[in-house]
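The task is simple: from the sequences and hints, build the whole structure.
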Amino acid sequence: MAETKFLLIYLNDHLAGSIAGEELAKRAASSNEGTPLGDYLDTFISEINEERGLVERTIEELGGKPDWLKGMAAWVAEKAGRLKLNGQITGYSDLSRLVELEGLVLGVTGKLGMYRVLHDIRNVHPAVATVEWSALIERAEGQRARLEEFRLGAARIAFTEVPVSAAFGSS
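For my numbering, count along the sequence shown from 1 and bump the result up by 8.
So the derived label-pair ranges between C-beta atoms look like this:
# : residue 1 : residue 2 : range
1 : Thr51     : Gly121    : 19 to 25 angstroms
2 : Ser38     : Phe14     : 35 to 41 angstroms
3 : Asp47     : Ile129    : 33 to 39 angstroms
Since the hints were derived computationally from the structure, they do not count as laboratory data.
From a predicted model like this one, the values you see are computed outputs, not experimental measurements.
Think of the CB as a built atom: it goes at the ideal place given N, C-alpha and C, for glycine as much as any other residue.
Written out as structure tokens, the structure reads:
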């Protein structure tokens with residue numbers, strides 16, 4: 009069945025994206041430890057892990073298996089992305105925070121799109137119907153909104169003289 013083959017490829021692509029997203033979130037959380045952003049990202053990372061488990065289970069229920077080669081490639085790509093110049097020779101800059109948050113917002117937007125597709129086709133594939141996609145859609149919308157708040161705060165920090173504590177509050 010071609011549509012199942014395509015669905016498995018689609019799910020594995022998103023699974024790989026979640027690996028890259030988790031690595032990006034871990035890096036951002038570590039660099040923002042002790043701030044409201046760092047605290048939020050710790051929770052966000054737990055949610056990514058939970059959601060990835062649901063996607064893995066769906067892949068398996070469709071008769072496929074997670075493509076760990078794609079996952080490894082995503083992991084390597086995220087590490088290579090760290091080489092991007094951020095206005096400093098070494099270390100973390102205020103621009104690093106903004107770029108990381110933009111990457112996370114884009115990732116959550118992609119995940120939200122996947123959840124909407126899976127919700128829409130849930131009646132076609134019994135394996136897809138076992139997950140409450142509408143709840144995950146709601147969660148992803150909340151994640152995107154919260155990350156967007158932090159992203160705008162990061163832009164104020166990077167491009168004005170607003171300190172981190174004023175942009176994000178204290179934890």
